[in-house]
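Required output: the full structure, derived from the provided sequences and hints.
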Amino acid sequence: MSMSQPSEQELLQNILQPLLVDFEYWFSRSTELLESKQISFLSPSEQADLLDRVRRAQQEVNVAKMLFQAVGGQAGIEPSQMVGWHQIVTECWHVSMQLRQSEQSKIGE
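In terms of our numbering, the sequence shown opens at residue 1121 and continues consecutively.
The reader is advised that the hints may include incorrect statements.
[To be verified] Restraint ranges, calculated between C-beta atoms of paired labels, are given here:
#, residue 1, residue 2, range
1, Ser1225, Ser1200, 32 to 42 Å
2, Ala1168, Ser1222, 15 to 25 Å
3, Val1191, Ser1148, 22 to 32 Å
4, Gly1196, Thr1151, 36 to 46 Å
5, Ser1200, Arg1220, 27 to 37 Å
6, Pro1164, Ile1135, 30 to 40 Å
[To be verified] Listed below are the simulated SDA-like cross-link pairs for lysine to any residue, each with C-alpha atoms no more than 25 Å apart in a straight line:
#, residue 1, residue 2
7, Lys1185, Leu1131
8, Lys1185, Glu1211
9, Lys1185, Gln1201
10, Lys1157, Arg1220
Just so you know, these hints were derived from the structure itself, not from any lab.
Here the structure is a predicted model, which is why all the values come from computation and not from measurement.
Glycine residues also receive a C-beta, built at the ideal position from the N, C-alpha and C atoms.
Written out as structure tokens, the structure reads:
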């Protein structure tokens, strides 16, 4: 029994669509964190800059998702664009981990 190779459109639907949903989720969480907490190890301008970059990336993901849906999954996204989004998500993860560690160390004092 031979297995047929998925089409490009199937690959895009199965990989890209969930990836866009993940980016939406992480950018939403990051926005919530950066808007609700004053992060002591970031200067106010660093925190504002990160929040601006997250919001911009969030808008880009929303546009990409709408375009992807509008063309019926027949278009991809430039990999360099997704690398940039991933870098922002990774930066936010690091901020979140560092914040959690600093809050836990304050509890232990």
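Results for each hint:
Checked against the given bound of 32 to 42 Å, the beta carbons of Ser1225 and Ser1200, roughly 38 Å apart, stay inside it. At roughly 19 Å, the beta-carbon separation of Ala1168 and Ser1222 lies within the given 15 to 25 Å, and the hint holds. Taking 22 to 32 Å as the suggested C-beta distance range, the pair Val1191 and Ser1148 conforms, at roughly 24 Å. Between Gly1196 and Thr1151, the C-beta spacing of about 26 Å breaks the proposed range 36 to 46 Å.
At roughly 31 Å, the beta carbons of Ser1200 and Arg1220 sit within the given window of 27 to 37 Å. In this structure the supplied range 30 to 40 Å holds for Pro1164 paired with Ile1135, their Cβ-Cβ distance being about 38 Å. The hinted pair formed by Lys1185 and Leu1131 meets the criterion: a straight-line CA distance of about 15 Å does not exceed 25 Å. Among the hinted pairs, Lys1185 with Glu1211 is consistent with the structure: their alpha-carbon atoms are about 22 Å apart, no more than 25 Å.
Taking the CA atoms of Lys1185 and Gln1201, the gap is near 13 Å; set against the 25 Å cutoff, the hint holds. About 12 Å separates the Cα atoms of Lys1157 and Arg1220, which keeps this hinted pair within 25 Å; it holds.
The structure fails to meet hint 4 from the earlier list, while all remaining hints are met.
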